[in-house]
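Participant: All chains, full assembly: derive it from the sequences and hints.
Single-letter residue listing:
There are 2 protein chains.
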Amino acid sequence: METTKFQIPEWAFTFHGHKCPFMPIGYRMGTLALRKLGVERCKDHEMHVFSEMGVGHPQGCMQDGIMSATGATFGKGMIDKLYYGKVAATFWYPGVKGAVRIFLRNEFQDKLAPHEFFDYRKKGIEPSQIPENVCDDIINMVLTATEEELFIITEIPDFIYKPVKGSFAKAKCEICGEYVFERYLRVIDGKKVCISCAGHEPDEKVSYAPTYKKS
Amino acid sequence: METTKFQIPEWAFTFHGHKCPFMPIGYRMGTLALRKLGVERCKDHEMHVFSEMGVGHPQGCMQDGIMSATGATFGKGMIDKLYYGKVAATFWYPGVKGAVRIFLRNEFQDKLAPHEFFDYRKKGIEPSQIPENVCDDIINMVLTATEEELFIITEIPDFIYKPVKGSFAKAKCEICGEYVFERYLRVIDGKKVCISCAGHEPDEKVSYAPTYKKS
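Chains as they are written, first to last, in my numbering: chain A, 1 to 215; chain B, 216 to 430.
For the record, the hints were derived by calculation from the structure and aren't laboratory data. There's no promise every hint is true.
Straight-line distance between alpha carbons at most 27 Å, and here's what the computed BS3-like set of lysine-lysine pairs gives [to be verified]:
1) K43/A - K258/B
2) K192/A - K36/A
3) K191/A - K172/A
4) K407/B - K111/A
5) K377/B - K234/B
6) K122/A - K258/B
7) K123/A - K337/B
8) K337/B - K43/A
9) K338/B - K162/A
10) K338/B - K43/A
11) K162/A - K234/B
12) K251/B - K122/A
13) K406/B - K387/B
14) K111/A - K338/B
15) K192/A - K337/B
16) K123/A - K220/B
17) K387/B - K122/A
18) K234/B - K122/A
19) K19/A - K377/B
20) K337/B - K111/A
21) K387/B - K111/A
22) K326/B - K172/A
23) K165/A - K380/B
24) K337/B - K172/A
25) K192/A - K326/B
26) K5/A - K258/B
27) K377/B - K111/A
28) K123/A - K387/B
29) K258/B - K162/A
30) K337/B - K165/A
31) K258/B - K234/B
32) K234/B - K43/A
33) K407/B - K172/A
34) K326/B - K338/B
35) K165/A - K338/B
36) K191/A - K326/B
37) K380/B - K19/A
38) K43/A - K192/A
39) K111/A - K36/A
40) K43/A - K326/B
Facilitator: Spelled out as structure tokens, the structure:
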């Protein structure tokens, strides 16, 4: 019996920069999400992705795969981190009722873990420096696995998310003169200034988390 | 005299999903940063990018161009937002002294602003729905501009940044059973649990901002 092998476009590897198993896992996750929601790859600002990854752990590469498969990119503001430290993401598409959460099964994480690829990684060797056959072998494990082996899918029927309202309005900082979008203008001594010129600490960032309908 | 036209690989447009002027601006910004720092496109976890963009404003597409040109991707954890609302980014490469900040000149922002492309955008029409010749025309303005017309470059000789220390350690949440990277395990009633099962609010995210050496 021939094994079915999932196909990933070469440009997604070019974008990502190296061959690792987690970009392909994210690509498969994103592809599955599109199918579950019954939508096409996004050209503009459609699908929102809430990645459960954070900082200071491996496997974030998954997110480059998700962006490549879905078109919900960081630049377009369509993917945010929830900082839960899990290999999971929730996909929401306006107009489609509910959302879909996809988690990479513990069992598949355990299946990958003993692979030689991670011996290199744990020694601090970067993916581009790992022998190509080792990379290809672990990527093959991802590409030949079934969706059932890979993922747990949870439908979230009552998912609510209100995207931040955008504005084109901008003005020049009255100190440095650089253009600033209005949302990020601050006021110091009566002058409209940028956050850098205001000397504010970089802890004022805001994030728009999804809201689940209370039952 | 023939105008020199900057070249952007087609896959970068495929990744991004539509034709707009800001992905190409970011691509040129990233290309310039690589040259200024004297480094190649990143395969793994080398260059860090601190984008000054935030939420709720246009032109974030720039960041998809930066990622595509530099290989400093969101998935690999190499690009973060500073939420200043400016069309600017700082590029830092470990081992190279200092960093480089690149800002899109007010004058070039003013030059683009009256273009028909933005008439469509301000009516809420998404880039993929704007006539192709309109998109091509504004992209051409970006590709044929000189770097001097586009950018203000600031060298930051005393730039210091300490990347977050990573760890492969993970454990199963003692409530839901899903794997969680240790950094994101919390404790509830003596059990090691994930943030979702802990019922914590999603406001505990941390961010590692660059530190400038005090003179």
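Participant: Now look at each hint and say whether the structure bears it out.
Facilitator: Here is what the structure says about each hint:
1. Of the supplied pair hints, the one linking K43/A and K258/B holds, its CA atoms being roughly 26 Å apart against a limit of 27 Å.
2. Distance restraint check for K192/A and K36/A: the Cα-Cα separation of roughly 47 Å exceeds the 27 Å cut-off, and the hinted pair is therefore not satisfied.
3. Simply put, K191/A and K172/A have alpha-carbon atoms about 11 Å apart, close enough for the 27 Å limit, and the pair holds.
4. With a C-alpha separation of about 23 Å, the suggested pair K407/B and K111/A falls inside the 27 Å cut-off, and the hint holds.
5. The suggested pairing of K377/B with K234/B is violated, with an alpha-carbon distance near 36 Å, which exceeds 27 Å.
6. Between the alpha carbons of K122/A and K258/B the distance comes to roughly 18 Å, so the proposed pair stays at or under 27 Å and holds.
7. Restraint check for K123/A and K337/B: the C-alpha separation of about 51 Å exceeds 27 Å, so the hint is violated.
8. Proximity of K337/B to K43/A is assessed by CA-CA distance (about 18 Å); at most 27 Å being required, the pair is judged to hold.
9. Restraint check for K338/B and K162/A: satisfied, since their Cα atoms lie roughly 20 Å apart, inside the 27 Å limit.
10. Between K338/B and K43/A the CA atoms are separated by roughly 18 Å; this keeps the pair inside 27 Å, and the hint holds.
11. For the proposed pair K162/A and K234/B, the alpha carbon gap of about 26 Å is at most 27 Å, so the pair holds.
12. For the hint linking K251/B to K122/A, the alpha-carbon distance of about 32 Å lies beyond 27 Å, and the restraint is violated.
13. Proximity of K406/B to K387/B is assessed by CA-CA distance (about 11 Å); at most 27 Å being required, the pair is judged to hold.
14. Under the criterion of a C-alpha separation no larger than 27 Å, the hint pairing K111/A with K338/B is inconsistent with the structure, at around 50 Å.
15. A threshold of 27 Å between alpha carbons decides the hint, and for K192/A with K337/B the separation of about 24 Å falls inside it, so the pair holds.
16. Between K123/A and K220/B the alpha-carbon distance is near 44 Å, which puts this suggested pair outside the 27 Å criterion.
17. With a CA separation close to 20 Å, the supplied pair K387/B and K122/A stays within the 27 Å bound.
18. Using a Cα cut-off of 27 Å, the hinted pair K234/B and K122/A is violated, with the two alpha carbons roughly 40 Å apart.
19. For the hint linking K19/A to K377/B, the alpha-carbon distance of about 26 Å falls within 27 Å, and the restraint holds.
20. For a cut-off of 27 Å, the pair hint linking K337/B to K111/A is broken: about 50 Å separates their Cα positions.
21. For the hint pairing K387/B with K111/A, the CA-to-CA distance comes to about 15 Å; that is within 27 Å, so the pair holds.
22. Under the criterion of a C-alpha separation no larger than 27 Å, the hint pairing K326/B with K172/A is consistent with the structure, at around 15 Å.
23. Distance hint between K165/A and K380/B is unfulfilled; the C-alpha atoms sit about 35 Å from each other, more than 27 Å.
24. The hinted pair formed by K337/B and K172/A meets the criterion: a straight-line CA distance of about 20 Å does not exceed 27 Å.
25. The suggested pairing of K192/A with K326/B holds, with an alpha-carbon distance near 23 Å, which does not exceed 27 Å.
26. Using a Cα cut-off of 27 Å, the hinted pair K5/A and K258/B holds, with the two alpha carbons roughly 25 Å apart.
27. Distance hint between K377/B and K111/A is unfulfilled; the C-alpha atoms sit about 33 Å from each other, more than 27 Å.
28. For the given pair, K123/A sits about 24 Å from K387/B by alpha-carbon distance, which is consistent with the 27 Å threshold.
29. Distance restraint check for K258/B and K162/A: the Cα-Cα separation of roughly 36 Å exceeds the 27 Å cut-off, and the hinted pair is therefore not satisfied.
30. Between the alpha carbons of K337/B and K165/A the distance comes to roughly 13 Å, so the proposed pair stays at or under 27 Å and holds.
31. Between K258/B and K234/B the alpha-carbon distance is near 25 Å, which keeps this suggested pair within the 27 Å criterion.
32. Between K234/B and K43/A, the direct Cα distance comes to roughly 9 Å. Compliance with the 27 Å bound is thereby established for this hinted pair.
33. Restraint check for K407/B and K172/A: not satisfied, since their Cα atoms lie roughly 49 Å apart, outside the 27 Å limit.
34. Among the hinted pairs, K326/B with K338/B is consistent with the structure: their alpha-carbon atoms are about 20 Å apart, no more than 27 Å.
35. Among the hinted pairs, K165/A with K338/B is consistent with the structure: their alpha-carbon atoms are about 14 Å apart, no more than 27 Å.
36. Taking the CA atoms of K191/A and K326/B, the gap is about 26 Å. The hint holds against a cut of 27 Å.
37. Restraint check for K380/B and K19/A: the C-alpha separation of about 22 Å stays at or below 27 Å, so the hint holds.
38. Only pairs whose Cα atoms come within 27 Å are accepted, and K43/A paired with K192/A is rejected, the gap being roughly 35 Å.
39. Pair hint K111/A plus K36/A holds up; C-alpha atoms about 25 Å apart against a cutoff of 27 Å.
40. Distance hint between K43/A and K326/B is fulfilled; the C-alpha atoms sit about 26 Å from each other, no more than 27 Å.
In this structure, the hints that do not hold are numbers 2, 5, 7, 12, 14, 16, 18, 20, 23, 27, 29, 33 and 38, in rising order.
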